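There are 4 protein chains.
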Amino acid sequence: MSQYRVLIDANDEIGLVHKVSTVFFNNNLNILSNHEFVDKESNKFFMRSVLDGDIDKNKLINEIKNVLPSNAGVKIVEPKKKNIIIMATKELHALGDILIRHESGELEANILAVVSNYDALESLVNKFDVPYVTVSHENLERHEHERKILESLSAFKDVDYIVLAKYMRILTPEFVDVYKDKIINIHHSFLPAFIGANPYKQAYDRGVKIIGATAHFVNNNLDEGPIIAQEVKHIDHSYGWRDMQRLGRDVEKIVLSRALKLALEDRIFVYANKTVIF
Amino acid sequence: MSQYRVLIDANDEIGLVHKVSTVFFNNNLNILSNHEFVDKESNKFFMRSVLDGDIDKNKLINEIKNVLPSNAGVKIVEPKKKNIIIMATKELHALGDILIRHESGELEANILAVVSNYDALESLVNKFDVPYVTVSHENLERHEHERKILESLSAFKDVDYIVLAKYMRILTPEFVDVYKDKIINIHHSFLPAFIGANPYKQAYDRGVKIIGATAHFVNNNLDEGPIIAQEVKHIDHSYGWRDMQRLGRDVEKIVLSRALKLALEDRIFVYANKTVIF
Amino acid sequence: MSQYRVLIDANDEIGLVHKVSTVFFNNNLNILSNHEFVDKESNKFFMRSVLDGDIDKNKLINEIKNVLPSNAGVKIVEPKKKNIIIMATKELHALGDILIRHESGELEANILAVVSNYDALESLVNKFDVPYVTVSHENLERHEHERKILESLSAFKDVDYIVLAKYMRILTPEFVDVYKDKIINIHHSFLPAFIGANPYKQAYDRGVKIIGATAHFVNNNLDEGPIIAQEVKHIDHSYGWRDMQRLGRDVEKIVLSRALKLALEDRIFVYANKTVIF
Amino acid sequence: MSQYRVLIDANDEIGLVHKVSTVFFNNNLNILSNHEFVDKESNKFFMRSVLDGDIDKNKLINEIKNVLPSNAGVKIVEPKKKNIIIMATKELHALGDILIRHESGELEANILAVVSNYDALESLVNKFDVPYVTVSHENLERHEHERKILESLSAFKDVDYIVLAKYMRILTPEFVDVYKDKIINIHHSFLPAFIGANPYKQAYDRGVKIIGATAHFVNNNLDEGPIIAQEVKHIDHSYGWRDMQRLGRDVEKIVLSRALKLALEDRIFVYANKTVIF
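Protein chains in written order, with the working numbering: chain F, 733 to 1010; chain C, 733 to 1010; chain H, 733 to 1010; chain U, 733 to 1010.
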């Protein structure tokens, strides 16, 4: 199959769908699916097309750019497996869910490695023939620790996404800059509620009747990156915070895997600290 | 404002988006929002566009038809209030929800009348200055009763939709034919589960843990028309069937109003006993 | 029917269920339903029983108190209609939902009056033969305005609950003190997210994928009272903040009416700024 | 810890809570949590208590039975790990979810073995040091095949539950009788909708807007056993039946694991082809 994904963002103006679809038509490309969205507030146009046909990538990008406003973004992606690295700490539910999906062939991804600050998950990961790298943070300053992680990561080329599957350490802006819009985190609360440490304890103390989880890209402000997916569960007064945590794990792993799937299928546009998801 | 909705369905072939958007572009029409969907199984193409600009409706329809396969459907709708008639029996929650939305100005519709086989809801409806027509079914055969209703309805011109807000009588094919794809019903179950009478009692007997409601267009097979919207609520063993019914009312009214809104905004395509909803 | 609700809260100790149920048994009272909960963290015991039989209220309260720790709370409620006052501003969806439920006989309550700082809802309320009191806040300081409202409210005796059905003004601690644990508010967000003004705008700016509403008792800290019920809806990038607001209205009205129902049925215990709900 | 679970079902009569709690009190047992439910329609009383203290099991059962109607059921369970066997066919999502939970220590169970009619899942199961038994159905009549499975199962003693984690073969009444109320199945639809083969295809053809999954005990009527848990997901017209299947897998595994957890914690009573769940 010769299917390509074309991702376009541009300042909106009259006729964009017409112009782009004319380029597709002139190149004898069949549109298998097509989504557009115009954010009227920011006057931004987004388009994701899945095309069938023979493509000269560079030529097509140029032709599309020629009909778009000057600062438009155009990306053409062959649907091949992406490379991901998973970071985790000690909890295995989110990591385990990804490993099982990978094993089932459901994930369009190669897992290059799992990186952790503990060795607690090594035996699980080894079962799945995935390399496990422990970079302990003990006796290290945050920047030193991160430098060692970045060194480990540098062994892996063409990393498309880093998935924080309950990695319980805060990343510095220096780290985040290296993998801008490529780090997906699962936060164990319905953001922006309960930012910060132990959100289930915070939720318990507040007496909420619903708990949730949020998958988001990581930016330089902790827990404030663009949200990809959220999900919730109803609870009642009988839930202590550890019960919330237990129930929350199911939400966390499903939401993180859903966000990862959206990323692997090139369905997410990031702008204005938000996401457009087709 | 000069906003128009263009609704297209056609057999799919390469270049349809290109061809239609070219017609829009040549007519100097701005696409405010655009949705397409191709059902690959049946090779059917659907498109809904909201356009801004000056339109000669007949000319535009012709130009669009000229670029589409021969049996394509093209409809252009000015966004003006549609005319609806509500049919009900004795329960007021679904009817009341629509009346309140109408009162708040939220509904793009004129309520021409409420028609019922009882006078139980008359005092409520009169509060809202909506005509109320009682057509009792007592001592009448089904066809006779329907003929009398159709007579009453014939007084109202340009009826866009008939909303069955818990109208508890079965409509015959003859009736349905008169208002094909225009009758919206709320069924008090998660269809296709619990077709037929007293679905809450059936659900109770089966011991389900979730109840639901389904808004659908009415066709000639009872409870088997194209589904527009569905919603559910979790329950537990402590719910008797009357508790389910009480809880179910909230689901029913919200789902029916949501389906009505989709219809009034021309967002629904019906085909193959299903709906495509943009 | 001679059904009574017995509400007990006490410091927990061994044998409370035994002791209380023995009192019921000795009084020849049948337990129709019974719920207990022990909050282990605060060592608090809660119990709600629905009893069938002949009751001498004061005698029964004394007998129950005699078997409980000294500072226990015991309340016996006959299931009769409670008296409520609704406060609103200009939006009619939440108020309308309560009026319709009242009209249908679903609500175990008398609506004594609707009080508003505008006359915008007067014609709607009058349809339902409910007194409408406008107390304009124009040219008044907050305390002056509240004093005038309290004066109006003082005309109504035995007020069980005040329901803020989108009353858009902040109440002072003085006002709240008068109706402690009796004021139910609907907040148009999934608290504690988006406290304060225009939460839908805040939610839009943050790019959330779920919006919600929270019914809670009002205490002296704005938006921080004990939560009674919460509900959510999924949204996507195509929702502007006004779309969120429109969708949110359905959530708001359902959640507020659900919270009101729980209150009217004496199912809510308030403690530690939380609720236990049976 | 000396925590016991007491499970009682009996015909309802006045004073049952009093009588049972008096036995607990006289034995100096502390009630950690307590749930009762009376099904008024069938006049059945259910109670689950978690007790703390020293217990002589047989003596306590006798004392409780002495205060209950003659045909009452009383069971006392020490909270120790239960023994389960998982049956599967080729899909690994539901099985994988249980294996990961087991690995994390979240499951109060020993997995004695995984039994399948294919060897497709053997390498996955072996990773987790769980015995894998393949009993191929090829060239065997249904009863012969089941006899061979029962033989394999007979090697495992004290089996508390058999979990059908997408075991795609119908079990005969003979098989079910051996493990009455001990076989938990996940059905890939929102029962009772779409009984039988390929429910996602059926759901697609019907054009539903929500799909679901149902965990239930297996009885002699296919897909008609007592329902334990159900969950749903919203879909739209863009979902082909394979998309529904993919999304459905997440629902299936979460619902099955939730049902298993309820069973392992002795929270489920089965009667009248329904469940009471505390």
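Since the hints were made in silico from the structure, they are not lab data. Small disclaimer: the values here were computed from a predicted structure and weren't measured. Possibly wrong hints are sitting among the right ones.
You can't tell identical chains apart in this list, so a pair holds if it fits in one copy or across any two.
[Said to hold, decoys possible] No more than 27 Å apart at the CA atoms, straight line, and that leaves these computed lysine-lysine pairs for DSSO-like: (1) Lys933 to Lys993; (2) Lys772 to Lys789; (3) Lys812 to Lys822; (4) Lys889 to Lys822; (5) Lys880 to Lys812; (6) Lys751 to Lys813; (7) Lys807 to Lys965; (8) Lys791 to Lys776; (9) Lys772 to Lys859; (10) Lys797 to Lys933; (11) Lys993 to Lys965; (12) Lys822 to Lys912; (13) Lys791 to Lys859.
| field | Structure versus earlier hints, numbers of those that do not hold, lowest first | value | Going through the list in order, the structure violates hints 5, 6, 7, 9, 10, 13 and respects the others.
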